[in-house]
Amino acid sequence: MSDTIALRLTAIDKRFGPVHANRGASLVVHAGEIHALVGENGAGKSTLMKILSGMMPVDSGTIEVGGRDVTGWTTADAIAAGVGMVHQHFMLVPTLTVAENVVLGREPVTGGRFDRARAEHDVKMLCEQSGLDVPPDRLVADLSVGEAQRVEILKLLYRGARTLLLDEPTAVLSPPEVAELWKVLRRLRDGGATVVLITHKLDEVMAVSENITVMRAGETVATMATRETSPEKIAKAMVGRDVDLAVRNDRPPATAAHGTAALEVRHLVVRGARIEKAVHDVSFSVAAGEILGIAGVEGNGQTELLEAIAGIRNVTSGTIVLGGQDITRRSVHTRGEAGLSHIPEDRHRRGLILDYSVAENLILGQQHRYTTSGLLDRDAIEQHARHCTIEYDIRPADPSLPARALSGGNQQKIVIAREMSRAFTVLLAAQPTRGVDVGAIEFIHAELRKARNNGKAVLLVSAELKEVLTLSDRIAVMYGGRLVAMFSRSEASEEVIGPFMTGAKRERVA
Amino acid sequence: MTALLFLAQTVRIAIPYLFAAAGGAIAERAGVISLTLEGFMLGGAFGAVLGAHYTGSPWVGIITGIAAGLLLGSIHAVSSIRFKADQVVVGVAINLFAVGITRFFLQLAFESSSNSPRVAGFGSETSGGNAAAFLDNPLVWLGLAVMPVLAYVINKTRFGLRVRAVGEHPQAAASVGVPVNRVRYIAVIASGALAALGGVYLALDQHQFTDSMTAGRGFIALAAVIFGRWDPVRAGIACLLFAAAETLQIQLQAAQIIPSQFVAMIPYVLTIVAVAGVVGRSTPPTALGKTSE
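Residue numbers (the numbering used here), protein chains in the order written: chain A, 13 to 522; chain B, 279 to 571.
Among the hints, a few may not be true.
SDA-like, lysine to any residue: derived pairs with alpha carbons at most 25 Å apart [stated by the list, open to error]:
| # | chain 1 | residue 1 | chain 2 | residue 2 |
| --- | --- | --- | --- | --- |
| 1 | B | Lys362 | A | Ala417 |
| 2 | B | Lys362 | A | Gly515 |
| 3 | B | Lys434 | A | Glu132 |
| 4 | A | Lys62 | B | Gln449 |
What the simulated footprint calls covered on chain B by chain A, stretch by stretch (three residues with Cβ under 8 Å from a Cβ of chain A suffice, anywhere in the stretch; the number is not a length) [unchecked claim]:
| # | segment |
| --- | --- |
| 5 | 380 to 394 |
| 6 | 437 to 447 |
Here are the in silico distance ranges between beta carbons for each label pair [said to hold, decoys possible]:
| # | chain 1 | residue 1 | chain 2 | residue 2 | range |
| --- | --- | --- | --- | --- | --- |
| 7 | B | Gln539 | A | Gln395 | 40 to 48 Å |
| 8 | A | Arg416 | B | Gln529 | 29 to 37 Å |
| 9 | A | Arg27 | B | Lys362 | 18 to 26 Å |
| 10 | B | Arg360 | A | Lys462 | 51 to 59 Å |
Please keep in mind that the hints were generated in silico from the structure rather than gathered at the bench.
The beta carbon of each residue, even a glycine, is placed where N, CA and C say it ideally should be.
Chain A extracted, bound-state conformation (with noise of 0.2 Å):
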């Protein structure tokens, strides 16, 4: 890291409509470092990053990169000064090649005709500098998402980026793939490249930043040397409180009804999209008043597994058993009914639609039971989402704004909501902080305990192995379609649980 000033931003302010994004954020970083830019959901990160690659105008402040004044640049006046941003949904188009894909709009031309070889050539290179490894002839929509990542960054490269912006990298990657992504990023900048860092882990932040900047509410609140700052300081000017970031021991009460299996898998086959057998013959039971932790490395038929209990992917054979109840040929509504609660792991997809306000959405598949006469009972829809966006702390607390308009913790919390302010005796929740802050984490977290010991069944599937450690009472570890072990909580830790993870152990679970 040297003293030079690659980014200056000052007194930036960005408004959309009645939501004021960024208040006089400013935010400098150092050439040659990698800076994390921390901070709730909703905080203004992603738009003061949006701003400085000249994605969106901004309203009043200065951008200064390397000394020069750019404010009001656009993105290829950014890509031109080697400014770069990687964002959190990549862009990418699937059906073109990964070489195809670095070299659009800039492609090597010969005598009139896309010059395929070399712009292969050139991303092999490209490939073999970086230590970023990803096959130039492929097809993106071949690639796993950590490829993906790789092109992304590779395409900023392609266009000589300096200065790097990442927008939560890590949200979408398995733990082998983030320690990857960190070789990558120190790579990068022990070659002298600048990078920013959107993050709202701490852990990733002490692992690979060298100054920190939060953000709270669109404004700046803290600048902080990585060195002499620790995880609890940082979560507090994150949020503006303490926040109690130790894993709890708090066992269930007593009292409640084990034994007695409210959810119950027996030898469960599901066919997969590329696979025959994503889940692989599995058997488990969760009890009333348990959390049962599956942990394991994403795309070894959690996803499957889960999709088959909540009905949404069809059952090759085995039985599901609810409360007592055959469910497994049965619709996801008569199991709803049943008392299977589920909240999917991706949000965009499964949890919400988009363009529905937050009060339709608290409703989706409850909308019979706000009906009067076959007409919707807009009082009643209304009263509901008042009720949960304060229980839930859902902001901004509108309920007529489209999901689309919220955070993304914010959009989990209206999924969280839903599922949980109905009836239900089995909770499956799929990745349930997924893309979440700190603060929204600790109040799932809370919400999860609270419903195991009101004695609700939990299935949790999560791929933060910490996640799955601190909230379960069992833990069973799957593994290409299997579970191929079950712990108590007592007997597991993230080095126990390891290896069975990445298929070095293995033992049958009955």
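We have chain A already, so just place chain B on it with the hints.
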């Protein structure tokens, strides 16, 4: 000899389909719905007859026909891209507009509500006669070449790469500086010219314009595009297949073995089968019809 006659008839029928399907393929690959092919063809046919009538040259007819296609293509492009209108609605509107305006000018120029006078064209006779006579028509050769050329443009050139990117993920293309709207304008206006050539061929082959003479061929061409899964070469094969079915229908009609209506259904039945996913998956360009985002 009958096989040769069958082949000749098939090619003759296929030429307008090939031009129109080429237009459909390029516009749809760029993400703009091509319900307009029928209208482009009709406009092209009328434009060609006007040009050929006033100059006596079929070559001028080709140019005026293309001009009509460019004009209609521009209307489609401006309303769909600039004003982000619903492309299905624009498509229907342009087709109706083409029927109306050609009818209006037919009356104005030739004082007839049904057909124009005979104009210069290609080939000595309108139909039948010498099976090889149609080969004198330069549009036949152009029509046979159009799909391979389009395949080259789409798959091998920079413009083609951009067309594919824009039709699949316009935001991604825009984020790396591809001028999304400009690519779409070029694709849609080119589709107007290409489809118009299909109409030009019809008019110059028959040496006259008759009211609504395209008779649904634009829709069959669009069906061929879908049947060919938006790939120029496959769409071209689909055009030949549909033309062969039509030739069969004409010959069976004479023989009266099965009702001709059933044979006439073949292209549409094949399209439904294709769209229903029986012949592999048929996935349109992801951003097809979405210019508003």
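Results for each hint:
For the given pair, Lys362(B) sits about 22 Å from Ala417(A) by alpha-carbon distance, which is consistent with the 25 Å threshold. Among the hinted pairs, Lys362(B) with Gly515(A) is inconsistent with the structure: their alpha-carbon atoms are about 52 Å apart, more than 25 Å. Taking the CA atoms of Lys434(B) and Glu132(A), the gap is about 14 Å. The hint holds against a cut of 25 Å. For a cut-off of 25 Å, the pair hint linking Lys62(A) to Gln449(B) stands: about 14 Å separates their Cα positions.
With a cut-off of 8 Å between beta carbons, the segment 380 to 394 of chain B has 0 residues touching chain A; three or more are needed, and the interface restraint is violated. Counting residues of the segment 437 to 447 of chain B whose beta carbon lies closer than 8 Å to any beta carbon of chain A gives 7, which reaches the threshold of three, so the coverage claim holds. For the hinted restraint 40 to 48 Å between Gln539(B) and Gln395(A), the CB-CB distance of approximately 60 Å leaves it violated. The supplied range of 29 to 37 Å is broken by Arg416(A) and Gln529(B), whose beta-carbon atoms lie about 58 Å from each other.
The given range of 18 to 26 Å is respected by Arg27(A) and Lys362(B), whose C-beta atoms sit roughly 25 Å from each other. Separation of Arg360(B) from Lys462(A) is about 54 Å and conforms to the stated range, judged on CB atoms against 51 to 59 Å.
Of the hints listed earlier, those the structure fails to meet are numbers 2, 5, 7 and 8, in rising order.
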